[in-house]
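Novice: Quick note, the sequences are listed as chains A and B, same order. So for the first sequence, our numbering puts the first residue at 1; every next one is plus one. So for the second sequence, our numbering puts the first residue at 1; every next one is plus one.
None of these hints come from the bench; they were simulated from the model. Treat each hint with caution, since some may be false.
Said to hold, decoys possible - One-sided excerpt, in silico: chain B residues whose CB lies under 10 Å from chain A:
id, residue
1, Val-4
2, Gln-38
3, Ala-92
4, Ile-103
Ideal Cβ positions, reconstructed from N, Cα and C, are used throughout, including at glycine.
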Amino acid sequence: DAGITQSPRHKVTETGTPVTLRCHQTENHRYMYWYRQDPGHGLRLIHYSYGVKDTDKGEVSDGYSVSRSKTEDFLLTLESATSSQTSVYFCAIRIAGGPGGELFFGEGSRLTVL
Amino acid sequence: AQSVAQPEDQVNVAEGNPLTVKCTYSVSGNPYLFWYVQYPNRGLQFLLKYITGDNLVKGSYGFEAEFNKSQTSFHLKKPSALVSDSALYFCAVRPPTNTDKLIFGTGTRLQVFP
Numbered sequence: 001d002a003g004i005t006q007s008p009r010h011k012v013t014e015t016g017t018p019v020t021l022r023c024h025q026t027e028n029h030r031y032m033y034w035y036r037q038d039p040g041h042g043l044r045l046i047h048y049s050y051g052v053k054d055t056d057k058g059e060v061s062d063g064y065s066v067s068r069s070k071t072e073d074f075l076l077t078l079e080s081a082t083s084s085q086t087s088v089y090f091c092a093i094r095i096a097g098g099p100g101g102e103l104f105f106g107e108g109s110r111l112t113v114l
Numbered sequence: 001a002q003s004v005a006q007p008e009d010q011v012n013v014a015e016g017n018p019l020t021v022k023c024t025y026s027v028s029g030n031p032y033l034f035w036y037v038q039y040p041n042r043g044l045q046f047l048l049k050y051i052t053g054d055n056l057v058k059g060s061y062g063f064e065a066e067f068n069k070s071q072t073s074f075h076l077k078k079p080s081a082l083v084s085d086s087a088l089y090f091c092a093v094r095p096p097t098n099t100d101k102l103i104f105g106t107g108t109r110l111q112v113f114p
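Chain A extracted, bound-state conformation:
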């Protein structure tokens, strides 16, 4: 079973502060993703990575940056958090199998920006 850990699981912060969410996988899956989940919007892709130092934007990337300096870790950074970034953030990895490979999700990180 794919091991994927998100940290922190819960965070409350203030507008304007930087926030970093971490996603760690215990296997060497190439693809990693960050999504946000909001009522009425489902899951929306923020950024994804297809290898170390290889990342690309999703549909809601404004205000977010990512880094992947090693295979197992994918970091999501909010440089200056805003209330509109209050959400539940999910990391996912693509299980091997090419384009037909399904995603395996972490348990989520709930972020509240006051």
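Take the given structure of chain A and dock chain B to it, following the hints.
Specialist: Okay, now just chain B, sitting in the frame of chain A:
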């Protein structure tokens, strides 16, 4: 634009009755289609997928889905609903023109009543 639609925010069904959760998609070419389930305060769990071949796909927990190319649909079904099936269900599509991304619908809440 590439998209997935789940036309029903909520589906209510009595235990023991068949259930259907609807999904339609809009992508060019032959898509890769997925269903996920989310229980409260948890990450998404993979249920089943359609890649190619038989239009009827069987997945976890007795769920199945039927791919209909002419109607661009991928409805999730189960012959006999259980109260424990109550959860949030997401349909997702991976376009053949951009297999890096997985696009999610807005979700359908399934409520199974005893």
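Novice: The structure should be examined with respect to each hint, and the outcome stated for every one.
Specialist: Cross-check of the supplied hints:
The interface hint given for Val-4 (chain B) holds, since its Cβ lies 8 Å from the closest Cβ of chain A, which is under the 10 Å cut-off. Against a cut-off of 10 Å between C-beta atoms, the interface hint on Gln-38 (chain B) holds, since the closest Cβ of chain A lies about 8 Å away. Interface hint at Ala-92 (chain B): satisfied, since its Cβ lies 8 Å from the closest Cβ of chain A, which is below the 10 Å cut-off. Evaluation of the Ile-103 (chain B) hint against chain A yields a held restraint, the C-beta minimum of about 8 Å falling below 10 Å.
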